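Asker: Work out the full structure, taking the sequences as your base and the hints as a guide.
Going down the list, the protein sequences come from chains A and B. If you want the working numbering, it's the 1-based position in the first sequence plus 2. If you want the working numbering, it's the 1-based position in the second sequence plus 5.
If you are wondering where the hints come from, they were derived from the structure by calculation, not from laboratory data. Treat the numbers as computed from the prediction; the structure is a model and nothing was measured. Treat each hint with caution, since some may be false.
Unchecked claim - Listed below are several chain A residues computed to face chain B (Cβ distance under 7 Å; list not exhaustive):
1) L323
2) V325
3) I346
4) M349
5) Q362
6) T366
As the list claims (entries may be wrong) - Lysine-lysine pairs mimicking DSS-like chemistry, simulated, CA-CA at most 25 Å apart:
7) B:K138 - B:K237
8) A:K296 - A:K390
9) B:K238 - A:K327
10) A:K420 - A:K296
11) A:K180 - A:K116
12) B:K212 - A:K327
13) A:K441 - B:K237
14) A:K327 - B:K237
15) A:K296 - B:K237
16) A:K111 - A:K101
17) A:K441 - A:K465
18) A:K327 - A:K265
19) A:K76 - A:K101
20) A:K327 - A:K390
21) A:K312 - A:K265
22) A:K4 - A:K116
23) B:K212 - A:K265
24) A:K101 - A:K122
25) A:K420 - A:K441
26) A:K441 - A:K390
27) A:K296 - B:K138
We put the beta carbon where it would ideally sit given N, CA and C, even for glycine.
Each chain is listed here by its residues.
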Amino acid sequence: MKQVCKSFGEVQANQNVDLTVERGEIHALLGENGAGKTTLMNILYGIYQPDSGSVLIDGQPVSISSPGEAISLKIGMVHQHFMLVPTLSVSQNITLGIKERGYPFTDRKEVDRKISQLSKEYGLDIDPTAIIEDLSVGVLQRVEIIKLLYHQAELLILDEPTAVLTPQEAENLFTVLKRLKKDGRSIIIITHRIAEVQSIADRVTVLRDGARVGCDDIGNVGETRLSEMMIGRRLETAVRSDTPTRDRSHEAALLSLEGIRLKGRNVNILNDIALELQAGEILGLAGVDGNGQKELAEVIVGIRQPDGGKILFEGNDVTGLGVRKRKRIGMAYVPDDRHHDGLILDMDLSSNLILNSHDQPPFTTYRFMHDQVRRRHAEQTISEYQVKTPGVGTLVRYLSGGNQQKIILARELEGVPKLIIASQPTRGLDIGAEEFINKLLLAQRERGAGILLVSADLDQLMKLSDRIAVIFDGRITGLFNNDAGIDLGEIGLKMAGVTGAAR
Amino acid sequence: MKIIRELGSFILIAGITTLVGAILVLAVGADAGKAFGAFFSGILGSFYSFTEVLVRATPLILAGLGVAVAFQARFFNIGAEGQLYMGAIAATWAGLYLPSMPLYLHLGVAMMAGFLLGGIWAMIPGFLKSQYKIPEVINTIMFNYIAINIVGILVRTVMANKTSPLPMSPRLADDLHLPFLADPTRLHAGLLVALVCAVLVYLFLYKTTWGFELRAVGNNPRASSCSGISVKKTIVISSLISGGLAGLAGGSEILGVHGRLLEGISPEFGYIAIIVALLGRNHPLGVVLAGVGIAALQIGATTMQRRAGVPASISLIIMGLLVILILGRQYWVKSRST
Chain A
3 MKQVCKSFGE
13 VQANQNVDLT
23 VERGEIHALL
33 GENGAGKTTL
43 MNILYGIYQP
53 DSGSVLIDGQ
63 PVSISSPGEA
73 ISLKIGMVHQ
83 HFMLVPTLSV
93 SQNITLGIKE
103 RGYPFTDRKE
113 VDRKISQLSK
123 EYGLDIDPTA
133 IIEDLSVGVL
143 QRVEIIKLLY
153 HQAELLILDE
163 PTAVLTPQEA
173 ENLFTVLKRL
183 KKDGRSIIII
193 THRIAEVQSI
203 ADRVTVLRDG
213 ARVGCDDIGN
223 VGETRLSEMM
233 IGRRLETAVR
243 SDTPTRDRSH
253 EAALLSLEGI
263 RLKGRNVNIL
273 NDIALELQAG
283 EILGLAGVDG
293 NGQKELAEVI
303 VGIRQPDGGK
313 ILFEGNDVTG
323 LGVRKRKRIG
333 MAYVPDDRHH
343 DGLILDMDLS
353 SNLILNSHDQ
363 PPFTTYRFMH
373 DQVRRRHAEQ
383 TISEYQVKTP
393 GVGTLVRYLS
403 GGNQQKIILA
413 RELEGVPKLI
423 IASQPTRGLD
433 IGAEEFINKL
443 LLAQRERGAG
453 ILLVSADLDQ
463 LMKLSDRIAV
473 IFDGRITGLF
483 NNDAGIDLGE
493 IGLKMAGVTG
503 AAR
Chain B
6 MKIIRELGSF
16 ILIAGITTLV
26 GAILVLAVGA
36 DAGKAFGAFF
46 SGILGSFYSF
56 TEVLVRATPL
66 ILAGLGVAVA
76 FQARFFNIGA
86 EGQLYMGAIA
96 ATWAGLYLPS
106 MPLYLHLGVA
116 MMAGFLLGGI
126 WAMIPGFLKS
136 QYKIPEVINT
146 IMFNYIAINI
156 VGILVRTVMA
166 NKTSPLPMSP
176 RLADDLHLPF
186 LADPTRLHAG
196 LLVALVCAVL
206 VYLFLYKTTW
216 GFELRAVGNN
226 PRASSCSGIS
236 VKKTIVISSL
246 ISGGLAGLAG
256 GSEILGVHGR
266 LLEGISPEFG
276 YIAIIVALLG
286 RNHPLGVVLA
296 GVGIAALQIG
306 ATTMQRRAGV
316 PASISLIIMG
326 LLVILILGRQ
336 YWVKSRST
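Answerer: Structure, rendered in structure tokens:
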């Protein structure tokens, strides 16, 4: 790809980007969120058209105006959010959009056989007749990869493939990718994790703010160099002081959950969850997305009512209290889904900051709200949290993800909460914002707040947590002290639901 | 740049509607000059014609405010028509059957009765939505039919005028009438009620915690509930106020114009109110302007029919076109800005 430019409105997503991928190499496309990685790949896959610049394949300039054409040029892409039809079978999904021999009376058995063969050849274990909605994320990713192989893709693009995987699943994926490489296929892997780049890629191209900042063999650039290239400056990482500020183990727990159960439509979402959290500690909750961590967080803050069990906060039973009451007695909630759960995008910044306290003084007397107070409060918060915004009247929709998250944190940390439930607080944020939030959480811990940190990012949990609990299928499958002896592999196995006895 | 584009789009919309209006006038074989002359003189030709516009605007503003409040809470109240009729029933009933009391008190009580019954009528679908997630669009429409037919039943039975074969209620006492504002025109104090309501709705929506919660729930119910705002309560309150305002429109029509309950007192005010709210972007000031604008369009069109023989239904076509263009414009502006 040469000198590719693409802009959306006034945002320049790619400017003069060059990218060269050799046959038979694994090429990492590294950059922060919003650096333009996915846009560039969507251009290559024909979803977007470049404003200028060209795409060359085997030296021939081509114009790719749709994913269909990309597929016929043997380019395939696995999106970050899988593009599969939940109600169809694996093999139906794989052949979706292609007319097999005998169409419309496709020989399904023949197709299934071919898929099984591919699956065996590359160690991608799947059942072609399984229905998509019954499968786990890890399996879905295999389906997506087989789909590309079935389409005989020579160039595979994977967008953040490990974001949804356990460490073991990620290892398996890497093995598969290495096999594909051996076959002479090329792979582009989009990521913002430097460790991943180093373990799998042959070469790396780094993007920042839509422009290419460098391209090199992986052997020539070290970890620090890569991170500098990626964020454009040196990073001071947040470090947890090793010992808790004060030994509180003899004190009563700040939060204790007793036998929390939550029923879903067919299955139990939460099964007899029992956890204790002390003041002044960060308890990490590790797990692959969708194993009940979001629901657990919502039960603790009162958005959902559990079907059984008790929630004790400072020794008092708060199970029956609503969200508002729980927040008032010292709970804070940072939801994982900023746009749906955390913010009202079409209301302004100052209003979003007082969503919890809008009916309290000083914002309100006798139900009448004081606009001036609200605005002044917002101005203070903006400077305290270094929120980048044109003004306090700006709709939250127009802020960047990091700044939106700062709004939520500012709101929730107001009033010095004793307990903070932080669900994926740094998901989708760039490294700078992530560090800001990590430091903020650590500062809250030093202050003496108890924090339940839900995260799918093990690195983050290892860095911040005092203890790490693992959740799988609505159960706590393990609890580890985060000290020198912690076994990452063990945590990974627990995340995948492998119990000690089964090994 | 953005302002120019917005302004431009409005000029474009005005241009398109005028053009389509002209084509329609020509298509029915009328003299376009004469038709447009009649149209404008119908609106601004005399003081009387202008007051007629305001008389027409009064129920549109009241019901439009109601629809706007509901829309801000994302409660899609399509039932202003039925709520208006329920308000009319209650106001007539209070006017006819309550024991005698001082005139202004009686008027106030009758209007309040209109507000209450209209509000309760809307609160039923509101409750069904908040409690059982039953879609309010369908329920409010169905409630329109029920309300209109309740009027039909009442004026033939319990509230029938025994001295007349026509289906209507007895006439209210002659002095039980909203004060006229500019004799000898028909302009009545309902307009003042509408304007006061617009101010109150503005204060309610933008200066009180109720309004804050209502707008928050309308924008994002999920985030609102996550921060502890009761979505159910908010929807019920918004439906009550929304229906109440539409009910006031009915009361104002009874006490200010008709003086008795009869079928067809509303030439679809309740439906046109949706257009008014839409054009006014659910903002009280916008609703007032849009209410007057739509009323002018309708009054102008009737004059055009009378003087130039152009069917007044053209105004309905124009209104439909306006809605499509304005929705299209919003979509266009949005898609350009992202």
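Asker: So, for every hint listed, does it hold in this structure?
Answerer: Results of checking the hints against the structure:
For A:L323, the suggested interface contact is broken, since its CB lies about 10 Å from the closest CB of chain B, more than 7 Å. At its closest, the beta carbon of A:V325 sits 4 Å from a beta carbon of chain B; the interface hint therefore holds under the 7 Å criterion. Taking 7 Å as the C-beta contact cut-off toward chain B, the hint placing A:I346 at the interface holds, the least distance being around 4 Å. Of the supplied interface hints, the one on A:M349 holds, with its beta-carbon coming within about 6 Å of a beta-carbon of chain B, less than 7 Å.
Of the supplied interface hints, the one on A:Q362 is violated, with its beta-carbon coming no nearer than about 9 Å to a beta-carbon of chain B, more than 7 Å. For A:T366, the interface hint holds, since its Cβ comes within 7 Å of a Cβ in chain B; the closest pair sits about 5 Å apart. At most 25 Å may separate the alpha-carbon atoms for a hinted pair to count; B:K138 and B:K237 meet this at roughly 10 Å. For the given pair, A:K296 sits about 29 Å from A:K390 by alpha-carbon distance, which is inconsistent with the 25 Å threshold.
Only pairs whose Cα atoms come within 25 Å are accepted, and B:K238 paired with A:K327 is accepted, the gap being roughly 16 Å. Annotation: proposed proximity of A:K420 to A:K296 holds, straight-line Cα distance about 20 Å (limit 25 Å). Only pairs whose Cα atoms come within 25 Å are accepted, and A:K180 paired with A:K116 is accepted, the gap being roughly 22 Å. Between B:K212 and A:K327 the CA atoms are separated by roughly 24 Å; this keeps the pair inside 25 Å, and the hint holds.
Straight-line distance between C-alpha atoms of A:K441 and B:K237 comes to about 38 Å, which puts the hinted pair past the 25 Å bound. Taken as a hint, the A:K327 and B:K237 pair is honoured in the structure, with Cα atoms around 17 Å apart against an allowance of 25 Å. Of the pairs offered as hints, the one joining A:K296 and B:K237 holds, with about 23 Å between alpha carbons and a cut-off of 25 Å not exceeded. With a C-alpha separation of about 15 Å, the suggested pair A:K111 and A:K101 falls inside the 25 Å cut-off, and the hint holds.
Our distance criterion of 25 Å between C-alpha atoms is met by A:K441 and A:K465, whose separation comes to about 11 Å. This hinted pair checks out: A:K327 and A:K265 have alpha carbons roughly 24 Å apart, not beyond 25 Å. A C-alpha spacing of about 16 Å is found between A:K76 and A:K101, which places the hinted pair at or below 25 Å, so the restraint holds. Our distance criterion of 25 Å between C-alpha atoms is broken by A:K327 and A:K390, whose separation comes to about 31 Å.
Only pairs whose Cα atoms come within 25 Å are accepted, and A:K312 paired with A:K265 is accepted, the gap being roughly 15 Å. Restraint check for A:K4 and A:K116: not satisfied, since their Cα atoms lie roughly 37 Å apart, outside the 25 Å limit. Taking the CA atoms of B:K212 and A:K265, the gap is near 41 Å; set against the 25 Å cutoff, the hint is violated. Using a Cα cut-off of 25 Å, the hinted pair A:K101 and A:K122 holds, with the two alpha carbons roughly 24 Å apart.
Between the alpha carbons of A:K420 and A:K441 the distance comes to roughly 17 Å, so the proposed pair stays at or under 25 Å and holds. Under the criterion of a C-alpha separation no larger than 25 Å, the hint pairing A:K441 with A:K390 is consistent with the structure, at around 18 Å. Between A:K296 and B:K138 the CA atoms are separated by roughly 24 Å; this keeps the pair inside 25 Å, and the hint holds.
The structure fails hints 1, 5, 8, 13, 20, 22 and 23 (numbered hints given earlier, in ascending order).
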